[in-house]
Amino acid sequence: MWNRKKSIYVSIAVCWFILAALILIAILAPFFLKDFYMLFGGRIPSDHLDYVILGCYYPCAAFGILADVTLLKMLSRIEKDNPFCKENVEALRVISVCCFTVGLITFLGSFSYRPFFFVASAALFVGLILRVVKNVMQTAVEMREENDLTI
Amino acid sequence: MIVVNLDVMLAKRKMSSLELCEKIGLTQANVSILKTGKAKAIRFSTLESICSVLDCQPGDILEFVED
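Listed in order, the protein sequences are those of chains A and B. The opening position of the first sequence corresponds to residue 1 in my numbering, with each subsequent residue numbered one higher. The opening position of the second sequence corresponds to residue 1 in my numbering, with each subsequent residue numbered one higher.
So that you can see chain B by itself, here it is in the shape it has in the complex (with noise of 0.2 angstroms):
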């Protein structure tokens, strides 16, 4: 399985989501989606604004787990 590691990339970068949500123009419901690991999906563009917001590469926020 996927896990995301925002809260993570977050605590290292010394951010909080609200000032994330407000950086790459997502709403706190998403990205509260996205920490939570509910999330299906993430569009290509929503990765590269996190990416960017918290310099960072994808692997530092997704991450590949055995079940």
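Next comes chain A alone, as it looks inside the complex (with noise of 0.2 angstroms):
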């Protein structure tokens, strides 16, 4: 039967099925670059856009490890029933942060490569919405702490 636990640990198969893939493409990228540009442009624009779209690629793979890396914590410390902590809120801000840098790098990259705009614009939101979610946190961390010092 479905339940909690289940579901904490799809989601840690998710995230280290994840990490694979960002690790995996990182060292494949350069050879199936000219596939990835015939998949989604249909013609193989210049050599100068290589650069472009490894130059990104790298950059935000490392950040996109270290949110996973990040979020595998955080599954780690809701599994043993502490959700409600301050690491959390702190891991929280952290894949705010890599999703906001992700975006910044990306929206950057547009300028050569017009796709990564809406790549920049998914990140952006993403990054505002985890921030969002870090504050509820925060807010219910210090609400569970005044709780347990109620006596």
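There's no promise every hint is true.
[Claimed, not checked] Computed beta-carbon distance windows for the label pairs:
hint	chain 1	residue 1	chain 2	residue 2	range
1	A	Ile129	B	Asp55	51 to 61 angstroms
2	B	Asp55	A	Val97	50 to 60 angstroms
3	A	Thr139	B	Lys35	22 to 32 angstroms
4	B	Ser17	A	Leu104	54 to 64 angstroms
5	A	Asp148	B	Ser17	13 to 23 angstroms
6	B	Phe44	A	Phe17	44 to 54 angstroms
7	B	Ser17	A	Phe84	26 to 36 angstroms
[To be verified] Dumping the calculated DSS-like pairs for lysine-lysine here, alpha-carbon to alpha-carbon at most 25 angstroms:
hint	chain 1	residue 1	chain 2	residue 2
8	B	Lys38	A	Lys86
9	A	Lys5	A	Lys86
10	A	Lys86	A	Lys134
11	B	Lys38	B	Lys12
12	A	Lys134	B	Lys40
13	B	Lys40	A	Lys86
No lab work stands behind these hints, which were simulated from the structure alone. Beta carbons: idealized from backbone N, C-alpha and C, even for Gly.
Each of the two chains sits in its own frame; use the hints to bring them together as a complex.
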């Protein structure tokens, strides 16, 4: 039967899958870039675009890995029945900053490769949502602390 | 700030913390939080139980001190 623990395990599995995908794509990206252009653009653009896309992907992947590892740590704390703690507030802040940074990098990249604009919009929006969730979590932690210290 | 004088009252009544815990149904950890001044709030029901067991007034347990 489906329960909360299983849901957490699925989230952990997805996090590991994304982490593996980020690393794999980072290794294989230079070899499959031409196929990527054919898939999304239908033609092979100038060589300078290679540098733009790879130059954007690698820093974004680094921040993506940082966000993913932070998510894994957060999930492990949730698994231990400790979701409302200061560490998770900090983790949400880190993930939010990672999203904003990815948004900024892809926004700059969008001047050379326009589809990046959509990635930038999505990343900035997710970063904003996470920031609001962080604020809610921070309030929840303060309320829990006050409740724990009410005798 | 509010100072909790539970230690003083316990000493006056010659009662141990453990005995108080058992009589009012609080855990030792919570009584310790009260005694060490870490508590952020106290429920009326808890205060009532403590006053009843120690036969005192809330003012005997809680005291306002200028910072």
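Which earlier hints can't be squared with this structure?
As far as the earlier hints go, not one is violated by this structure.
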